[in-house]
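Enquirer: Here is what each chain is made of, one letter per residue.
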Amino acid sequence: MHTAPVRFLSDFACQTMLIGEGDPDCLLGNDASSSCLHYCAPTHGGWGVIRTALLVPEMYMLFVCPEACGRHGAIAAYEHGGKDRVGYLCLEEDEIAMGRYEQGIREAVPGLFKSLKRRPRAFLIVVSCIDDLMGTDYDEMISGFEAEFGIPFRIGHMNPISLDGKLPPGKRIQRDMYDFIEAPEGRDDSVCLVGAFQPIAKEAEIRELLRANGMYSLLHISECASFDEYQRLGRARLNLVVRPEGMDAAKNLREKFGTPFLFAPVAFSESTIAKRYDEISRFFGANMANNMANDAVNSRRQAEKRVLEAAGGKTIAIDNTATCSPFDLARALIEAGFNVSEIFTQKFPVFDRPSYGWLAENAPGIRVTSPIHHSNSWLRPDTPTADIAIGFTAAYLTNAPCVVPVAFDEGMYGHHGMVMLLDSLELALQGRIPGSLEQMVRDYGLVV
Amino acid sequence: MSYLFQYLPPFAADYSGVASALHDLGGLVVIHDASGCTGSFTGYDEPRWFSGKSSVYCSGLREIDAIMGNDSRLLDNIRSIIEKKQFNFVAVVGSPVPMLVGFDFDGFARISEEEFGIPVFGFPTTGLARYEQGMSAAFLALARRFVGEPEEKRKGANILGASPLDNFDGDTLMRLREFLAENGLPVVSVWGQGDEWESMPKASSASINLVVSAAALPLAEYMKNRWAIPYVAGLPLGEETARELKSQIKQGGGGAVARSGAISETDKSARVFLIGEQLRMNAFRSELLFRYPSLDAVAGSFFAWNASLSSDGDCFIENESALIRCLEEGNFDVVVGDPLLRELMPGGLAGRFVEEPHYGLSARLYREHSLSRRFCSASFMDGIAALALGAPAPGGERAAA
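Those sequence lines, one after another, are chains P and Z. Taking our numbering, the leading residue of the first sequence gets 1, the next gets one more, and so forth. Taking our numbering, the leading residue of the second sequence gets 1, the next gets one more, and so forth.
Because the hints were derived from the structure by calculation, they are not lab data. Check each hint, because a few of them may be wrong.
[Stated by the list, open to error] Listed below are the simulated DMTMM-like cross-link pairs for lysine to aspartate or glutamate, each with C-alpha atoms no more than 25 Å apart in a straight line:
(1) P:LYS166 with Z:GLU318
(2) P:LYS114 with Z:GLU318
(3) P:LYS305 with P:GLU438
(4) P:LYS305 with P:GLU203
(5) P:LYS256 with P:GLU140
(6) Z:LYS84 with P:ASP25
(7) P:LYS166 with Z:GLU63
(8) Z:LYS85 with P:ASP31
(9) P:LYS256 with P:GLU58
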């Protein structure tokens, strides 16, 4: 009889491995992450809790936390033009020790309503890691505020201490921000995009596919100019989740209003995209998706051919800030003839594992490297270890001279998403993306 | 009691102060947090991070570790890195969650030091205090542990407190070195940034300390008491401050360069409020009043505050609402401060606000600002005076960002 070998922490946490040879558990996932000190590259960050939540129009956020916990979000809020919608109630040690900072909140909120230039339509009180350990009950306070001010209040969490849990901050904040949606009076011919930080490009073939199924609008929260418009998201017939951060929001909306959802994360390889479109078509009871995508496939293949000529055999590094599906992106590029040499990620999501398996079989020499492993701080090369980097972290950790500044799948979906990425790669190869990596990172305004 | 920041960002925290002070010294610095605290330091409070290879890490604290007191994971993870690379020391730096669960920093440091055989510090920072407190604690810990006994012949000066969080950069340090060289004082060591690890143990051999930020005053006092090294506190920004500092150096230190308005209430023509790091604002005041004696100028700071370096009317500003009160009651004609303060200016003061970015307040938003721009910058003082006295500001350097 065989029993599973006992594994110790020291068995985990390598910095890099070849995809065809290594054990992914040593590098990817929570066990590996917890068994090393975390390096925090200057490209660390993303949309963060604040920038994400501020997508809800006319909402005000009050963070209730130690002063330090609010700093990064506040600076980012200035950078993204939202500081007038965010305040901080900074806690003192005695209040934390005695667990009695509710009184501070009860006093601060009415004061804010008096001083805010625009009265908010929704109010999110965000607590931090320490609240996870204190278990404060806010229900009564929230009900009281809702009665007093006549707008919805919610409690949000910015609690990276739960990063390895079932509801980490990135997912939780999306659940909380869509929780302001009220019960819809009916449905319309729209699909709501959940999980994405930006709308999918207008030219993307997914829109045509949805139109063919009678869905004439693909809604995204960032396009709602007012809190009333935001309520329209609740009338969608389907919530299409294209990044994993949106999963708990979609589950919550299904539970509250019965809105179905489909998890079809961003993909790049032709076969994975075809699978996604099959799933979407099946939802609508149709079987036409891949025929409809023919034009998009042709455009994509032309773009691949054109950009491949420019890239030649140059090595490409990819990271998981560029996309939630870095293994599938690598597969797509390799299938098109590009030379992918390295993938930076510490995550191993179920939806990207088939492409990991494909790569292990078909491109076993690709290095997979954890961007948070401690040795990155001294192993970062002075001379480039890749010619092209897709994503800021890959750029920083390889010192690649050619940087493709895509981030968090913004605007990308389906074959058109691949074309967008290739267009950006072409511009980078032509030296037409201005600025140093530091400038690009600064312009993007990554939020911790 | 909790306090509100409606307009301003929360300020750089104590753990950023510790990590910043240790950044260039070849140590292994571990911020014991989940992610955000380290990210705040590396992404927002540390301008050297992008191009540096310093070893500042996040412990990756998770809920289960905090609840179960799983300190052995931290110990294991530190061990695994020490086995691969040599460090001058280890520093474990606190954040809010370790404070809440009562993590024993001293005990952890003792155990770790015994096991690893290299110096280990535990800094019980909480995220509730501001950067200068962390910086002061780090400076003192380094001095107590690593500075040796002085050589027989003392020579040169230490520069204490030249932190990027107070906008000191390479150009500013060069200015300070030039000033000391003009006064026959080679630099022995620099505390705050950019110095070699090897020079720190020799700091006690300096004949005098130049303190350039209030956060370093506890260190200066410690070195005075321990090794009888006198200090002068101030910045040689221009003719007047350089003269004052030079005079104090000649006298063997022991004083500050704060300067009172020194004219009667009835004679003063306009009132300037200088908000920022205390020694920087004191230097601005000296230069301003030297050129425009009829002005009245008071200083205020959210950060390290030393009463002996303040003049009548100066004040420590506790938080945002305290500043709002100050501005309402102060009857000021011009305010100098970080650009983010502009939004708090009442009435016409917004139009008479002079920007002077402070990294500890606005972080990377105005990262290009170098304090070196204020050296020998008469036009900056002229701009302030022109606004105060009602004349149009002469082009020059009034907006810094």
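Enquirer: Next pair to validate is P:LYS114 with Z:GLU318; report whether the Cα-Cα distance is within 25 Å.
Expert: With a Cα-Cα distance of about 22 Å, the restraint between P:LYS114 and Z:GLU318 holds, given a limit of 25 Å.
Enquirer: Check the hint pairing Z:LYS85 with P:ASP31 against an upper bound of 25 Å on the C-alpha distance.
Expert: 23 Å, holds
Enquirer: Compare the distance between the alpha carbons of P:LYS166 and Z:GLU63 with 25 Å, and conclude whether the hinted pair is satisfied.
Expert: Holds, at about 12 Å.
Enquirer: For a C-alpha distance cap of 25 Å, please report whether P:LYS305 and P:GLU203 respect it.
Expert: Between P:LYS305 and P:GLU203 the Cα gap is close to 20 Å, so the pair holds against 25 Å.
Enquirer: Is it true that the CA of Z:LYS84 sits at most 25 Å from the CA of P:ASP25?
Expert: 21 Å, holds
Enquirer: Are the Cα positions of P:LYS256 and P:GLU140 separated by 25 Å at most?
Expert: 21 Å, holds
Enquirer: CA of P:LYS305 to CA of P:GLU438, is that 25 Å or under?
Expert: 31 Å, violated
Enquirer: Holds or violated: P:LYS166 and Z:GLU318, Cα atoms, limit 25 Å.
Expert: Given pair P:LYS166, Z:GLU318 is violated - Cα atoms ~40 Å apart, limit 25 Å.
Enquirer: For the pair we were handed, P:LYS256 and P:GLU58, check the Cα-Cα distance against 25 Å.
Expert: 23 Å, holds
Consistency note: the structure conflicts with the earlier hints numbered 1 and 3.
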